[in-house]
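Student: In case it helps, numbering that gives the first Met the number 0 puts the sequence shown at residues 0 to 153.
Simulated from the structure, these hints should not be mistaken for laboratory data. No residue lacks a Cβ here, since even glycine has one placed at the ideal position from N, Cα and C. Where hints are given, some of them may not hold.
[What the hints assert, rightly or not] With a straight-line Cα cutoff of 30 Å, these simulated DSSO-like cross-link-like pairs (lysine-lysine) come out:
| no. | residue 1 | residue 2 |
| --- | --- | --- |
| 1 | K74 | K9 |
| 2 | K74 | K114 |
| 3 | K74 | K91 |
[Claimed, not checked] The calculated label-pair distances, taken between Cβ atoms and stated as ranges, are:
| no. | residue 1 | residue 2 | range |
| --- | --- | --- | --- |
| 4 | Y134 | Y51 | 41 to 47 Å |
| 5 | D69 | T49 | 38 to 44 Å |
| 6 | D69 | D105 | 36 to 42 Å |
| 7 | V22 | R109 | 30 to 36 Å |
| 8 | T71 | M110 | 24 to 30 Å |
| 9 | G107 | A72 | 33 to 39 Å |
| 10 | E73 | R109 | 34 to 40 Å |
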Amino acid sequence: MRSLNLEDLKAIAVSEGHTITEVGGEGDISLRATNSDGLIFHLIGTACDTEYAEGCLGMMVQVRYDSDEDVTAEKVNDANLAYAAVSTWWDKDGETLGITRYIILDGGQRMENVKINLQNALALGPLVADVVWPYDAEDDEYNDWLFSDDEDSE
């Protein structure tokens, strides 16, 4: 494929077993979907309707999280260093932490390669979140209860 349109985005999402929940929210050639784990993501056509091709010459896969006080520029930089296959960004005003994988289609890509890029982005999204919001078992009351030596809990 050398370009794509909305129907292509839909086909990519559905063929990978994802559920489309919105169409057009990020522009005419875009959709929001959810994977089987409940991860919400966006497919967004880029460089669309240029003099070089009909449709879009690129595509972004984005996973977004609501930002909070734990998000810092240092953690975003750490995530970018840890997972260079995606770009991690922080919109403080929009209160969003985003993970983007950009796919260039001009020159041609096989559909299989586009799907693998989607799979990789969706796998990396939660890993990036773990860099920004690391799990701390010491602050987890359930973990404390689960591994307590308290004989009363038996």
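Student: Any of the earlier hints contradicted here, and which numbers?
Tutor: Structure breaks hints 1, 7, 8.
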